[in-house]
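Chains as they are written, first to last, in this note's numbering: chain A, 1303 to 1644; chain B, 4 to 394.
FYI, nobody ran anything at the bench for these hints, they're computed from the structure. One or more hints might be untrue.
[Claimed, not checked] Using 35 Å as the maximum straight-line C-alpha spacing, the simulated DSBU-like pairs for lysine-lysine come out as follows:
| id | chain 1 | residue 1 | chain 2 | residue 2 |
| --- | --- | --- | --- | --- |
| 1 | A | K1309 | B | K138 |
| 2 | B | K138 | B | K209 |
| 3 | B | K209 | B | K67 |
| 4 | A | K1309 | B | K90 |
| 5 | B | K309 | B | K138 |
| 6 | B | K366 | B | K314 |
[Stated by the list, open to error] Which chain B residues stay away from chain A? Per the calculated CB distances, all over 12 Å, these:
| id | residue |
| --- | --- |
| 7 | E18 |
| 8 | G135 |
| 9 | E140 |
| 10 | A250 |
| 11 | C254 |
| 12 | R283 |
Cβ atoms here follow ideal geometry from the backbone N, Cα and C, with glycine treated the same way.
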Amino acid sequence: MERNGVKTLFWFGILLVGTACVFLLNVGLGSVNITGSDIVRVFADELFGQSGVKDNAHLIIWQLRLPRAMAGLACGAALAISGLLLQTFFENPIVEPYVLGVSSGSSLFVALVTMGGFTFGVRQVTPLFRFTGAFIGAMLVMAVVLLAAARVKNVVTLLIVGLMAGYICSAAASILSAFAEREQIAGYAIWSMGTFSGFTWQHLPVLYGIVTVSLVLACLLAKPLNALQMGDRYAASMGVNVRAVRCAIILVSSVLSAAVTAFAGPVSFIGLAVPHICRILFHTSDSRILLPAAMLGGALMAGLCDFAARTIVSPAELPLGAITAVIGAPVVVFLLTRKDKL
Amino acid sequence: MSEILRTVRLDVGYEGKAVISGVEIEALRGQTICLIGPNGAGKSTILRTLSGMLAPVEGTVYIKGEDLRTVKISALSRTMAVVLTEKRNMDMTTAYEVAAMGRMPYTGFFGRLEEADHRIIRECMSVVGAAGLAKREYHSLSDGEKQKVMIARALAQEPELMILDEPTSHLDIRHKVEVVGILSRMAKERGMTVILALHDVDLAVKGCQYALLVRDGEIAAQGRPEDIVQENTITDLYQINGASYNALLGCMELHNNNPISAFVSAGAGRGTPVYRALSRMGIGTATGILFENDVDCCIARSMQLKAVVQKPFTPIGEEQIAEAAGLIRQCRYAIDSGFPAGPYCQASLDLLREAKQVFTFRKPEECRGLYGSASVCFVDSIARLQRELEA
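Looking at chain B on its own, in the form it has when it is part of the complex:
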């Protein structure tokens, strides 16, 4: 793979003052590279420097081996396209006309569009799913639609490198996913290199091949997202308190450190919605007995719940049973999340006899004799559970 952009000992900043020092990026053809970091960390400053809008404080940016400062602006416009955060109110202009602006580097003195140009514009609009917007007034589009049109415009420049600053901010989840999807598809199919800043760690990790963590005036880490984004990386990067990033699942979970009063008998992902509901209600939660390879275990750890865990693929041990029994007795009630009752988790079911009161997601016919003398309340939804708990 050949190199498109490379920085050497690059310091970026404003008016001779470096905001971020020692930026070393090597962007290859077809790569999607993502900058992750808190607001104000300097992601935009880096992107502006890479795109030539800001002169480097120190060091050099090379585009296809040539010093960016010596690349002609007209030649650069055919190599690189940008999508910025600034919003323009373009009155009396259709989405098609905005996308057509992307052809400027190729059109003649008066910007006359040939049939070939129109074909490219139409194609770029349909690639981003904006073909239906062509005749609409640009200013009447939603934020997500506008962003797609701006990306279509950038694509119409037929760039080898596209630089995007927060292309997904202010977009709803559907458009976020679509925008990142379009970009990584363009990278794969056209061999276009994409460098972008993203807020969403989640999307960044899943949609990009290479990530840079930007923090406190430096690139804190860079590499394959899986290699550099670990449990603590994200909470440290964004200095998050009261929540953890689950690197395996790529999601944020809020901590639940309330005094324990509920025990959730969980497994196979049945526990997770219950954990989250209890966390919202401010009810401290213990859970068990979870196999370490269970998704519920994964989430319980991110939420910092008190969990009784068992090694994967091994029968539940006496020690775990004793610990869980202690917890259940201590709790005001237990919640049976309705996990699949296989032979290996019989112990978890048996434990529920120890509870003072059981809320269960199982159907009454499944539960005959299951909970011993505990008082049983049947619930079929989180809403119902919440009502019962509050009553």
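Isolated chain A, as found in the complex:
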């Protein structure tokens, strides 16, 4: 698949530089003004352990902004790849974890774990426990959607099934919250709008561990993903073990989506918009290019959205879900209106 190599490199360069810039912006800018030299000092402190002064700047940079920015990178990449995998799986360009209701399934189980877990005597909700709950929820909704997809091939029907699954999960979660304690509800409400603010140094290793392994697995699927674009039969005739690849896609995309949802809440549309933007930028449907492109693109997009959420009405904060929806929903409408291309 010889593409215009220069163009591909150019866009990879842009995405890489863009992601780096957004990361720096997210660390450097915020409602509290912190100078560049202070930031350098905080990093030097942490990395080389020099002065040991733990002032306000240190707290904000090291405990708030840096984990948040790093979480944004991983979550963005994870969502974009999850979306890309699902789009190939369903041969349908308008699916992603959020649209299919997979995120909502995760949300419900996270709600169960965080609000209900206490009632059932689980005192401490570890990050891994939270993730496991999210993963079970994701797989359950995925099973429902797969059953529906086996019956109807229609693009819109699939969307509606996902939407309904999402509604049911949200309803169940709100019923749960009726029994929960006040602080838990407040925490759940913020989380359910989607936010990267909840990440601490305790969460990051879990998030990065899960996401890195899944992304590597996704990359290993590049060749069969290309074959699947021609349909199962052709893929099989070209030596692809279709069933195994399909299982792998479901597993990897669910894990990715669950990992994000467990900690950042349901973040909409990044998984949908980013793969499409990458297809258009790189003008290819070759997974070997799209996978890394979507990772970078997702990280960049998530970083940008989080930056917007933090700064637009600073010092107050907008919900991340609102920003991503404003960007993502028009993409869905755009894709639906050119349905002949689906």
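Given the structure of chain A, go ahead and fit chain B onto it with the hints provided.
Chain B alone, transformed into the frame defined by chain A:
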């Protein structure tokens, strides 16, 4: 010649129910084998079973002597390639990239194409006449071009056996002929075995070495196309009414059973266009005097025209002349198709004097005294003839 594919007491179908029973196929290297039959007869079901996409209901498919069920999918992909009827909308993908997919069985884990792979892809594209399409977006190609690219992709798999389901449907006549031509050339030159389902009986008979007629849950006949495709085979197979398949010429002719009102004096193929025109206009036609070895005679029989015929290479007999004269007198007019007026068909020319009116394709200077007292109208084309007849 060695065997590539063989089926033993094969029943094919879905969910344990046999659609077609007793499929016995033996495909040799370099053979083109064609399944002919009406829509829904089960051609696709057979092909799917042969290619391993569908498990046999009963019996076994052997690929190079090995049970298809035990052949590894990766090994199979280097032996067999398929071209299916399903159409994919491959956005943002060039024709070259689609053809390059065919190299997947040979490329490494990430599907990186080596120079040798590129050479094979380019060669396969040029073999099917799609070299010029390489840079085009796949979805922007016409149906015929897409099909060629899909065949190039299958060829890039360097298969020993290619299975194609209706590769010519939705294609225009040029692409139909090209596709069948490419396949039979590949069979001859590369020793590749081709098994395909075709709608076009015509192409199937001419392009394939072996044919199977599929009908009513069974293989109705199989063998060399010339041996199994006869006058009635095709009309029976497709249950066609009102038309006949001419096995000798390999064409379909519509029957003309209207009450006879025109007599066409024909021969040497001059009559055929006139027959067809009259048939379209719904004018019942008699014709003569035709030698049995004349192509007009062949067509007239397929069209079920009333024809006065004479044994080949013999002078026209009195009996035939009398019969033809009777027909001409009975008809409202005669049409002289302008057949070459040799000594043996003088009788046919003389007969035209009996006609009430003659439409002739001959030039006026040829016709002096030819038609006696009949009123003569000169026509130079079918369109003109039609106008005159309608007037």
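Against the structure, the hints come out as follows:
{"no.": "1", "hint": "A:K1309 with B:K138", "in the structure": "holds (16 Å)"}
{"no.": "2", "hint": "B:K138 with B:K209", "in the structure": "holds (34 Å)"}
{"no.": "3", "hint": "B:K209 with B:K67", "in the structure": "holds (27 Å)"}
{"no.": "4", "hint": "A:K1309 with B:K90", "in the structure": "holds (30 Å)"}
{"no.": "5", "hint": "B:K309 with B:K138", "in the structure": "violated (57 Å)"}
{"no.": "6", "hint": "B:K366 with B:K314", "in the structure": "holds (29 Å)"}
{"no.": "7", "hint": "E18", "in the structure": "holds (15 Å)"}
{"no.": "8", "hint": "G135", "in the structure": "holds (17 Å)"}
{"no.": "9", "hint": "E140", "in the structure": "violated (9 Å)"}
{"no.": "10", "hint": "A250", "in the structure": "holds (35 Å)"}
{"no.": "11", "hint": "C254", "in the structure": "holds (35 Å)"}
{"no.": "12", "hint": "R283", "in the structure": "holds (38 Å)"}
Hints 5 and 9 from the earlier list are contradicted by this structure; the remaining hints agree with it.
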